[in-house]
Amino acid sequence: MSEEIKLLKGNEAIAHAAIRYGADGYFGYPITPQSEIMETLMTLKPWESTGMVVLQAESEVAAINMVYGGAGSGKAVMTSSSSPGVSLKQEGISYLAGTELPALIVNVMRGGPGLGTIQPSQADYFQAVKGGGHGDYKLITLAPSSVQEMADFVYLGFDLAFKYRNPAIILADGIIGQMMEKVILPPIRPRRTEEEIRSQCPWALQGKPKGRKPNILTSLELSPAVMEENNLRFQAKYREIEKNEIRYEAIDCEDADYMIVAFGSLARICLKAQEMARAEGIKVGLLRPITLWPFPSDIIAEYAKKVKGIISIELNAGQMVEDIRLAVNGTIDVKFYGRLGGIVPTPDEILDVIKKEYIG
Amino acid sequence: MKKEIIVAGFGGQGILSLGKILAHAGLIEGKEVTWMPSYGPEQRGGTANVTVILSDDRISSPVLNSYDVVVVLNQPSLDRFENDVKPGGTIIYDSYGIRHTPTRKDINIYRIDAMDEAIEMGNARAFNMLVLGGILKVCPIVNTESIVNSLKESLAERLHKLIPENEKAILHGMEIIKAEQEI
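Chains as they are written, first to last, in the numbering used here: chain P, 1 to 360; chain C, 1001 to 1183.
If we strip away everything but chain C, and leave its shape as in the complex, we get (with noise of 0.2 Å):
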């Protein structure tokens, strides 16, 4: 077993957070991860994305050209990344401010309006969870408890109090995610 995900959107959405977050949980479960951030001089409302690979085996490169899932969360991400989804790979996006929708007939592609879900929740903190949530559901490559767990580790311990909002806002995620094509 190997997946390959890319997330990609605006700096301080949570994105490699997000991937840490999946990568601990890998770790629990005793799978070689990787984590690679794109670094630079990132700013808040510039362009990341992090490469999180989980994997039984050794890890070869950090760097890819094609993912197993593409998570895109902004019309330049999805401009970006689409052509990066692998034959029969998956792609998921949130529907804010995208004017293009993904187009290709070969991956299954899922929407998730997140950033409008954590508006409407009133806690913008909540969207990358929410993300987080959504990609389990399609994609679940590890399980919520290895989830929870990672969050212990991920989080300073005074914003442990903020587990169970953040579980809720995964399980949250896991429903709102649409399927607009499946392959």
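Looking at chain P on its own, in the form it has when it is part of the complex (with noise of 0.2 Å):
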């Protein structure tokens, strides 16, 4: 089968992403900047094809119960919404978390705190990767830098959220999310039948047969004891995930004197202008974590032996840096600069910062 091609704003490309993943549901409310995933799916109205459901829940907090529902039938089930849509879900993210259910969150950032504004931001890092919703517990958290790495991660994320029936999170940011560029859309998976559900997801709520004892999926529990075996199981479940899931990507480290973090959009703005320093003879490199939970904290600490300095560049005030300070744990200075509000910096305000900061 050839590929299928498509020209497609970020937004666009998670509607047709899980369609072709084979979702059996998407649950949203609009807010800018990511409307047109919910408008998307409207359009290609895939009950029609697919039977996946599409629903305009009257509120945010709606949304995510029924994601809620949804994943504990064992559905492939998603929501979207921007970063106040997504405060008003961390509750709902916490009992997906506690019940250990797999669902799939969107959150195309904007600029805060409160309604903010509709411009990009990354100022969502602390919600996503520290746990917004309260309890100890982690979300997989993936930030795609390009339209195609939307589609991609909407298939790696519900893969990764089955895998260990945990609820993942894709952190965009508007830029991505209303951009558009050329997306090889990620081939056609069918809906699982019940019977797969069934075999595949033997926790889900689907009617209990004759013989089998009462699936009951729940995140309360009374007894600290029974708590804390919980509580370790989920804390086993992260270790493996950290273990095993950390993703990232590595420009021109090896032989860098400087490497600057950055992560989304702002990884490509970042990469503008380390191409720029190296066309000036600054040796520097660039390295973008795609999982920002589990974060490539090692390989941070690894490069760290070898450059002379690690700046990260932020959409924030400062979030991701803390991880980066953490990983290296003084073993180098660890510098920092950032945009507020939804102001985006261009390649030569990088440029100039790198300078700055190293050459003087």
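Hint data in this document are derived by calculation from the structure and do not stem from the laboratory. Possibly wrong hints are sitting among the right ones.
Derived DSS-like pairs (lysine-lysine); straight-line CA-CA distance at most 30 Å [as the list claims (entries may be wrong)]:
hint: 1; chain 1: P; residue 1: 356; chain 2: P; residue 2: 283
hint: 2; chain 1: P; residue 1: 283; chain 2: C; residue 2: 1086
hint: 3; chain 1: C; residue 1: 1002; chain 2: P; residue 2: 6
hint: 4; chain 1: P; residue 1: 45; chain 2: C; residue 2: 1161
hint: 5; chain 1: C; residue 1: 1168; chain 2: P; residue 2: 356
hint: 6; chain 1: C; residue 1: 1168; chain 2: P; residue 2: 6
hint: 7; chain 1: P; residue 1: 6; chain 2: C; residue 2: 1152
hint: 8; chain 1: P; residue 1: 355; chain 2: C; residue 2: 1086
hint: 9; chain 1: P; residue 1: 45; chain 2: C; residue 2: 1003
hint: 10; chain 1: C; residue 1: 1002; chain 2: P; residue 2: 355
hint: 11; chain 1: C; residue 1: 1152; chain 2: C; residue 2: 1003
hint: 12; chain 1: C; residue 1: 1002; chain 2: P; residue 2: 283
hint: 13; chain 1: P; residue 1: 283; chain 2: C; residue 2: 1003
hint: 14; chain 1: C; residue 1: 1161; chain 2: P; residue 2: 6
Build the complex: two chains, separate frames, hints provided.
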């Protein structure tokens, strides 16, 4: 079968990929800059082709709880929103984590706090990787930096969510959501049948057959001893994810004197600055974490032994930089540069920062 | 090969569509493409711009601070982006409502009277296709056949009857663009 190539916005790519993945349901509530996700789904009408449900809920809270219900029955279900809306979903995300349910959440970040601005931001890094909701839980966090990755990470997000029975989030931003690029659409997978779900997700609530004990899905456990057991099981799973699922891209880091760490759309802008620096003979490398949790701490610690300096560049006041500092544990000075509130730096601006910090 | 282009003007002038048709034509020719709009509380009459990058190789930043080709369709955009043309690059401006024309000596300057022409044609909606024709004349980054195919894929089926008209406007745009300074 020949490749299907399309020119799509990042948001549109998410919608196309969800249908092609064989997702069973999308529940959402519109908010800029990600409304095209639901708009595209509504235009493509997958309920007529694959049978996928697309529903505009009455609120973000309703949407995430619809996801909770769908996930409990073993379905591949998702929701999407932007920063203020994702804040509203945090309770539901904590419940998904506490009940060990697979689900995909998409946050196309905008500037905050509060309603903030509709322009791009990465200020929800902490919320995604440190647990925006309550309790000791972790969210598998994928940071796409191209429209292609918006599509691909729908697959990766769902696959990891089901592999580990854990919610996953695509942490994108307004740039990636709004821009159009060439996308090679991932291969179509049929939606799973009830029988397939029964065999792949024996925990799912599908109606109890005779002779089987009832499946119970809950995050509530009033016995502290049992609740501690549950928590220890979650933690063991998180360590397993940290062992197996770290993803990153290292560009020109091997011989670098200075290493930029950046994720998402900003990594693209930093890549241009990195190329400009190299053209001027300044040996700069770029490390792009693709999974923000699990974070590529060991990789960064290894590079810290080789380079003279590390700088984290983010669209926030300094969030990922804390994880980098933890990773290098004081062995090297880690600098930070950020723009706030929806302002996006240009490649020139970043090159100037590199020169000012390291060349003088 | 890599071309970094920005088109800037008023919202409602069809700038984003122009950029999309250009990007799609690049895709048809197997290029890497990025189309980055200014997005925000945009409205008809406000300012809008779109960055289009066409390249044979992986594209890094979708956000740029200098461009090979700058196309400005009103005075505020000309004032804002003239200095962002790379030395040796190209600026194309529509003369409608322009009081201060470009002054740089190190760039190519082209004028296209697309707004006047569209008014004369009695078809204001031809404006962006006239401009696209002008761009393709001085920067033939994709061929006309790809543009026509791009129109087919970019326009909804019910609008396909307008393709010949658009094609004519593009070809006409190629004729009416004038060189004011070539370096």
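Hint check:
Of the supplied pair hints, the one linking residue 356(P) and residue 283(P) holds, its CA atoms being roughly 15 Å apart against a limit of 30 Å. Distance check on the hinted pair: residue 283(P) and residue 1086(C) sit about 24 Å apart at the alpha-carbon level, within 30 Å; holds. Distance restraint check for residue 1002(C) and residue 6(P): the Cα-Cα separation of roughly 20 Å lies within the 30 Å cut-off, and the hinted pair is therefore satisfied. A distance of roughly 26 Å separates the Cα atoms of residue 45(P) and residue 1161(C); the hinted pair therefore holds under the 30 Å criterion.
About 52 Å separates the Cα atoms of residue 1168(C) and residue 356(P), which puts this hinted pair outside 30 Å; it is violated. Restraint check for residue 1168(C) and residue 6(P): the C-alpha separation of about 26 Å stays at or below 30 Å, so the hint holds. Under the criterion of a C-alpha separation no larger than 30 Å, the hint pairing residue 6(P) with residue 1152(C) is consistent with the structure, at around 14 Å. A threshold of 30 Å between alpha carbons decides the hint, and for residue 355(P) with residue 1086(C) the separation of about 21 Å falls inside it, so the pair holds.
A C-alpha spacing of about 37 Å is found between residue 45(P) and residue 1003(C), which places the hinted pair above 30 Å, so the restraint is violated. This hinted pair checks out: residue 1002(C) and residue 355(P) have alpha carbons roughly 26 Å apart, not beyond 30 Å. As the CA atoms of residue 1152(C) and residue 1003(C) are separated by approximately 23 Å, the hinted pair is consistent with the 30 Å bound. Distance hint between residue 1002(C) and residue 283(P) is fulfilled; the C-alpha atoms sit about 24 Å from each other, no more than 30 Å.
A distance of roughly 26 Å separates the Cα atoms of residue 283(P) and residue 1003(C); the hinted pair therefore holds under the 30 Å criterion. The straight-line distance between the Cα atoms of residue 1161(C) and residue 6(P) is roughly 23 Å, inside the 30 Å bound, and the hint therefore holds.
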